[in-house]
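Novice: Listed below, chain by chain, are the residues.
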Amino acid sequence: MSEADIEQTTETGASNDRLTTSGESEEQLREEWREYDFAGQPKLSVEDLDVYYGDDHALKSVSMDIPSESVTALIGPSGCGKSTFLRCLNRMNDRVKTARIDGSVALDGEEVYQDGTNLVELRKRVGMVFQAPNPFPKSIRDNISYGPRKHGDINKGLLARLLGRDDTDKEDELVERTLTQAALWDEVNDRLDDNALGLSGGQQQRLCIARALATDPEVLLMDEPASALDPIATAKIEDLIEELAEDYTVVVVTHNMQQAARISDQTAVFLTGGELVEYDDTDKIFENPESQRVEDYITGKFG
Amino acid sequence: MSNVRDTALHSGESTTSELAATGVLGVSFAAFVASWALIFQWVDETATVAGLSVLRLLGVGLIAAAVGLVAIGVASRMDALDTTPSPTAGFAVGLVVGLLWSIVGAVLATALLGAGTLLWVPAALAFGVAGSLSSLLPREDIGSTVPVSLVIAVLGGAIALGRLDAGWTWEPSWLSATVPGSELVPILVVFGSLLAVWSGAKARNGFGAQGREAGAFALIGTVVFGMLAVLALLIGFIVVNGLETMLTGASLFGGQVTVPVIGVTLPWVNFPFLTNVTGGLFVEVPGVLPATLGTLWLVFGAVLFAVPLGVGAAVFLTEYAERGRFTQVVEVATNGLWSTPSIVFGLFGLAFLVPRISGGNSIIVGQLVLGFMLLPLVLITSREAILAVPDEYRDASAALGVTKWQTIRSVVVPAAMPGTITGVILGVGRIAGETAPLLLVFGGPPYPSQTPNVLGSFQLTATPPFVTNEALLSPASALPYQLYSTITAGVFPKEIFTDSEFGWGTALILLLVVIGLYAIGVGSRLYFRRKLHHE
Chain W
99 MSEADIEQTT
109 ETGASNDRLT
119 TSGESEEQLR
129 EEWREYDFAG
139 QPKLSVEDLD
149 VYYGDDHALK
159 SVSMDIPSES
169 VTALIGPSGC
179 GKSTFLRCLN
189 RMNDRVKTAR
199 IDGSVALDGE
209 EVYQDGTNLV
219 ELRKRVGMVF
229 QAPNPFPKSI
239 RDNISYGPRK
249 HGDINKGLLA
259 RLLGRDDTDK
269 EDELVERTLT
279 QAALWDEVND
289 RLDDNALGLS
299 GGQQQRLCIA
309 RALATDPEVL
319 LMDEPASALD
329 PIATAKIEDL
339 IEELAEDYTV
349 VVVTHNMQQA
359 ARISDQTAVF
369 LTGGELVEYD
379 DTDKIFENPE
389 SQRVEDYITG
399 KFG
Chain D
1414 MSNVRDTALH
1424 SGESTTSELA
1434 ATGVLGVSFA
1444 AFVASWALIF
1454 QWVDETATVA
1464 GLSVLRLLGV
1474 GLIAAAVGLV
1484 AIGVASRMDA
1494 LDTTPSPTAG
1504 FAVGLVVGLL
1514 WSIVGAVLAT
1524 ALLGAGTLLW
1534 VPAALAFGVA
1544 GSLSSLLPRE
1554 DIGSTVPVSL
1564 VIAVLGGAIA
1574 LGRLDAGWTW
1584 EPSWLSATVP
1594 GSELVPILVV
1604 FGSLLAVWSG
1614 AKARNGFGAQ
1624 GREAGAFALI
1634 GTVVFGMLAV
1644 LALLIGFIVV
1654 NGLETMLTGA
1664 SLFGGQVTVP
1674 VIGVTLPWVN
1684 FPFLTNVTGG
1694 LFVEVPGVLP
1704 ATLGTLWLVF
1714 GAVLFAVPLG
1724 VGAAVFLTEY
1734 AERGRFTQVV
1744 EVATNGLWST
1754 PSIVFGLFGL
1764 AFLVPRISGG
1774 NSIIVGQLVL
1784 GFMLLPLVLI
1794 TSREAILAVP
1804 DEYRDASAAL
1814 GVTKWQTIRS
1824 VVVPAAMPGT
1834 ITGVILGVGR
1844 IAGETAPLLL
1854 VFGGPPYPSQ
1864 TPNVLGSFQL
1874 TATPPFVTNE
1884 ALLSPASALP
1894 YQLYSTITAG
1904 VFPKEIFTDS
1914 EFGWGTALIL
1924 LLVVIGLYAI
1934 GVGSRLYFRR
1944 KLHHE
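Chains as they are written, first to last, in the working numbering: chain W, 99 to 401; chain D, 1414 to 1948.
What the hints contain is simulated information worked out from the structure, not anything from laboratory work. Worth double-checking, as some hints may not be accurate.
What the hints assert, rightly or not - Here are the simulated BS3-like cross-link-like pairs (lysine-lysine), alpha carbons at most 27 Å apart as the crow flies:
(1) W:K195 / D:K1817
(2) W:K268 / D:K1944
(3) D:K1817 / D:K1944
(4) D:K1944 / W:K382
(5) D:K1817 / W:K399
I would like the entire structure built from these sequences, with the hints used as guidance.
Specialist: Put into structure tokens, the structure is as follows:
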């Protein structure tokens, strides 16, 4: 047996040991990070959230508090429930017929999962950006003003003009503000009436972010917003997320750990089976995680 | 067989074999085109070119093609040519060639031994087997040229020697009709030249996989040409027959139009066939205006009835109803409704709608019946179109807090618009030419002396039903209906046209109306597409 082989065996043995020991202390660990502390009130607080798709238990008793005006990253392997968790925060999972949701999500202390919740109001306050850019087949301007117009915040068209309630100025203002926030204004300000499908993928995604900002949300949920984009477009989106965190509470799902490390203030690690394994400051998670499984996942040894 | 040449990626300049094969292709395609010209009577079958009658020339062309094919096949087999043949031509080729040979065998046996003997059965069998084997057993370059060439050569020989010519007729005992040789011979040449085109294209590309590809491509391309020719013939035939009637008395500036307010009279287009009524005492050139307006009113009413209902049902089925037994039943029922014969719709209208609505034939019952016929197609196509709208749009809209109904109205239905319009175009094409139900529920006097005045007949009443329209409750005439009456029973009241002249003119106008409706549909589809996709 060569020296290298011996070294390898000992290493494997050691890590096996640690795996077993860490399994025992899992409960205790959870208690620790559940008390992950931050100054001020949580923007979103989730208690014992369970999600079932038919018989599939997709999310197991997840609890976490999300601080406001910061970037919270949700990372984990495919199928670990991080997107499911995200879609529970604005009740988008209600649209899945087989989904059953138990537990509690509170926005600014107000329960989201209760009878009589105004979904329109909830989704105005909790905006969402999807994995693949999905602008409507309309002009750039109409994409931005779609939400406010449907909510009656902006009146436009013949009837509005006849009634003297035409909000074209307000719309222009909104379009310029949100596109500037989404760092897209300089690229498209001369073609606002062109169809949004003519933009590049990265521009489309930033337009979707601008569209989500147009309803004046407090929270922005992003489901792998850069996974369908090239590195340059990804870098732009990442910069944008960091800037948005100054005014908004951003929750971003990613399976790119470097991305999470770069942009987020705190990171939650979901692992296979729909469990939230660890949730802490991003630096802590990436430098010195409590759980062995999280360390294995982050260092590339799949946990 | 030496492999060196076969594996070369690029064979240099065009070889003799390629030139020969190109020649075969050219001759066969020329024969193909010429025989279509003969079938359509664009060329008279008695015409002569350089002393030879056209038919004989076609026969000679087929023989030349056959000789060329055999030469290429044999030369390729002797490895004198740059080809890459497969070991065999394949079963499909064997089957087709066997079938062709058995036909040749049966015909030869009957021709040589006389009709009435049953010897043609074994002859057909023997020839079929021989043909199959001769194309299956040898290498592909022989198998897909020589047996086919023999068939072509026999056909070409019979035509060139005058055994099959324009004077010959075919009177099969099971058919009371007589098929003249002037039509039949060109049809046979069409098939012969198709065979030659296929084989020649294969040879030109050196057999093997490339050759098969080229053969199939040439065959499909030639067939498509034939299909276009049929379409052109149909439209051309109607135009040629109807144009003179349609343009009777027409002139660019012969008419006059008075500008309403100023009172100035300007020269205007004069088009009596389109702008005159059909009957009446003082009509010099009887026209089709009442029937044209009738058709347009029918289509308008049917679309007005069917589109909102069909799109609404499609939205309900795709967006609201759970996919399950109920939607399946609706789907089956819709498809069944679409394939229901139109006369059945007409009968329903006659028995159910006529007594309840108008008590006699009327425009509105015609509109409803045609609307019923249009409904299933609108439902089917708009349902497909709505299903094809990406779910991402619905998700994006829901995430903005927009309700389902608003999403459907401002995202889903607009995105499905081009598909829906396609369905409406197809359906309108069908109902605009529909005759059978109109005979039962719609048609009035075949030669009306006034146009249906639908817009002017609306009247408000103080008692229910509050709105009445005498014109909608009266019968009228439509183009297909008028065409049918003219051709079957018509004793045309004016001497200027015969029945069939008037009929052809009506048919041409009907064709133009349908094409015009298509143009409107295609235009609006383009408009919505451009709105949905960038530029």
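Novice: Next, verify each hint and record whether it holds.
Specialist: Structure-based check of all given hints:
{"no.": "1", "hint": "W:K195 / D:K1817", "verdict": "holds, 15 Å"}
{"no.": "2", "hint": "W:K268 / D:K1944", "verdict": "holds, 24 Å"}
{"no.": "3", "hint": "D:K1817 / D:K1944", "verdict": "holds, 22 Å"}
{"no.": "4", "hint": "D:K1944 / W:K382", "verdict": "violated, 51 Å"}
{"no.": "5", "hint": "D:K1817 / W:K399", "verdict": "violated, 45 Å"}
This entry does not satisfy hints 4 and 5, going by the numbered hints stated previously.
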